[in-house]
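Please model the complete structure; the sequences and the hints are all you need to start from.
Sequence order for the protein chains is Y and V. Counting in UniProt numbering, the first sequence runs from 1 upward without gaps. Counting in UniProt numbering, the second sequence runs from 1 upward without gaps.
Among the clues, some could well be false.
Since the list can't tell identical chains apart, any single copy or any two copies may satisfy a pair.
Unchecked claim - Okay, derived cross-link-like pairs now, BS3-like style, lysine-lysine, Cα gap no bigger than 27 angstroms in a straight line:
1) 84 x 297
2) 44 x 56
3) 190 x 89
4) 297 x 56
5) 58 x 297
6) 44 x 297
7) 56 x 344
8) 44 x 58
9) 345 x 390
10) 84 x 345
11) 6 x 44
12) 390 x 344
13) 297 x 345
In short, the hints are calculated from the structure, not lab data. Here the structure is a predicted model, which is why all the values come from computation and not from measurement.
Protein chains: 2
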Amino acid sequence: MATFSKSVSALRSSAIRDLMSLASRPDIISFAGGMPANDLFPVKEVEELFMQLDDKTKRAAFQYGPTEGLPMLQESLTGWLEEKGLPVKSNRLLITTGSQQALNLLAKAFIDPGDRVLTEYPCFIGAIAAFRAAGADVRSIPLDSEGIDIRTLREETQRTPAPKFLYATPYFHNPAGILYSEKRKLELIKLLQGTAIPLIEDDAYGDLWFHEEDRARLMPIKAINPDGVDVCYTGSFSKILGPGLRLGWLLAPEPIYEKCELLKQSADACSPSFTQVIADAAIRSGMMGGYVETVRKAYLERAALMTAALRQHLPDYVGWSEPRGGFYIWLTLPEEINAADVLKKAIEAGAVFVTGSTFDPEGTRMNAMRLSYCNNSPEEIERGIPLIAKAIRDCCR
Amino acid sequence: MATFSKSVSALRSSAIRDLMSLASRPDIISFAGGMPANDLFPVKEVEELFMQLDDKTKRAAFQYGPTEGLPMLQESLTGWLEEKGLPVKSNRLLITTGSQQALNLLAKAFIDPGDRVLTEYPCFIGAIAAFRAAGADVRSIPLDSEGIDIRTLREETQRTPAPKFLYATPYFHNPAGILYSEKRKLELIKLLQGTAIPLIEDDAYGDLWFHEEDRARLMPIKAINPDGVDVCYTGSFSKILGPGLRLGWLLAPEPIYEKCELLKQSADACSPSFTQVIADAAIRSGMMGGYVETVRKAYLERAALMTAALRQHLPDYVGWSEPRGGFYIWLTLPEEINAADVLKKAIEAGAVFVTGSTFDPEGTRMNAMRLSYCNNSPEEIERGIPLIAKAIRDCCR
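This is the structure in structure tokens:
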């Protein structure tokens, strides 16, 4: 029988798969997914855009493209990113097969088995999986409501050998929901400037802000372009057009880009031309900008409904805060409560969520849970949240 | 500054990129690409199929799907593969982001840095890149007109430690163009049965046969299902629908599938739902079957034109054989001739191809070259081949 490589033997199939099959059952209300709202996808608009393309472009949709991405999308995406103040011209842009691929390529570019990397706790599960697949020793630093804990981060950066990078999601964090404060972002930059540790800045949710007043806080660190910090900025079309397109991007300094492009050649040759053509048309026509405004409003409404329901039904020993954008609300239970027990009771009652330990690289913190509000109808939110609240109460007796 | 991982430092940017940018120049006739014919893509047919989908399916095209692939495509592709006699039910099927991703996942599943793997010489460059990215020591075994050299293969399989797998492309080989003989296939199976070495059987071109009489020889080893050999069968929609969809597949025994699915989760979460929905409709409607018949005839015509031109213009010290399917003709020059010199002269004259050393894992064989006929008009073939022939003659003086 075949013998497998060491790094893959260390990967474990997560409970996420079982959860997702539960979540697709019609009799279960799911707050588990990280999926955009199914009912909001711009189906008609994309269909019309595709029809209007010229024959040459349609043929390009069927053909291989350059590993870095189709020139037309490189151009239009550059415009989209420059509007956020991102220094595209002094870096290199790689179109990736979802931003998950960008994280995977960066992991392979930087990590030799056993290397230490730093993340936040909680942390996006796809990032943990990508870093682990490269053999990393993943260490997490707690978040509070303003961002990463600077004191703990400083301690970790001072240990030798130095970590290969820090991975952070400062804007509407998955799963913590938070938006970094200006002050914390500046502290983070200052700390990194004193080290040679690159930053992977994941900005998959930044466009989904609810309040105009937050826009200054949403300025990416990559756009601030601080001296002496290699920032690898990743983003995605998944939340602003559709994850089924499998398109994301990496904006990085030339030497890092070069390694990632080489690795992408051997990973999947190029990202899907078919959906690149669509994404390009969606940017150029202004359709994508309009769609983002639509979902922003819809998600704000759903978030408001969920926070109202949580306020009404949750016991006051559960910690959480109102989302200012993105998809998620993070609940912190009393220390002695295991969210896995809550999940069990919730499933019996007909609702699911994801336990916090799923997002814990160390797998030791059991008393938190993630709720997603973006892919639920008002009726589901109003019916489902009391079930979750009851499951919590039942476990806290 | 950032420090990169060891395996990525060993990867070199290939000359292929420069060649491809040459190949896209309008004043250059390119026989270099591995691209399907641009003029034959079923643009109109796919557009109509997409229009006719119901709203639920269209929405699924925008959403995340399961890592293994959308259930509808799992089902229709199973039917397509079972018609080839493949044992889908007793294995597991993974939809991948092109078959390049299948090779990449298998490489990561099996290879620890320094592990030896066996391939053919010449060998598909994407496979070499994927195996190298995983840190493999890639050893190649020569092909003749009937398949892999069994004696050399036996010697290599007997060396310890055992190679992690053998990678082979028995059907219209890229770049060698050959189709394994029945006899050689059976010898290969017998040899592998005496070892524990898994076979990666790449069947990206098998549907593109020119002669009904060859169909028995096209029966995959995976379909023969020999006792005691773990066969990982890879295939692709790239040549039978369009590479821009970035869809391929892996059919493998459960334990191997499991590792690859885990790795895919961290690689790109899932393949593009958008193009999976299209591929599914293309299979179910019968459109894909009809398209394959169309391109089979068109490629046969182009191949016939190129072989006629080669017969007319090539000096008789150049070895080559008539293709029986697929995309490629492989030319063997006299030993002392370096195909890189021929390429230089050909580019000056206005035509490009890929040198054989590109497909040589050891990088030592310089006297071969690959011509592709599939993406050229008759006029380009008739104008371009004399330029190539003259470049060869000029180097052989």
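Any hints from earlier that this structure breaks? Give me their numbers in increasing order, please.
7, 10, 11, 13
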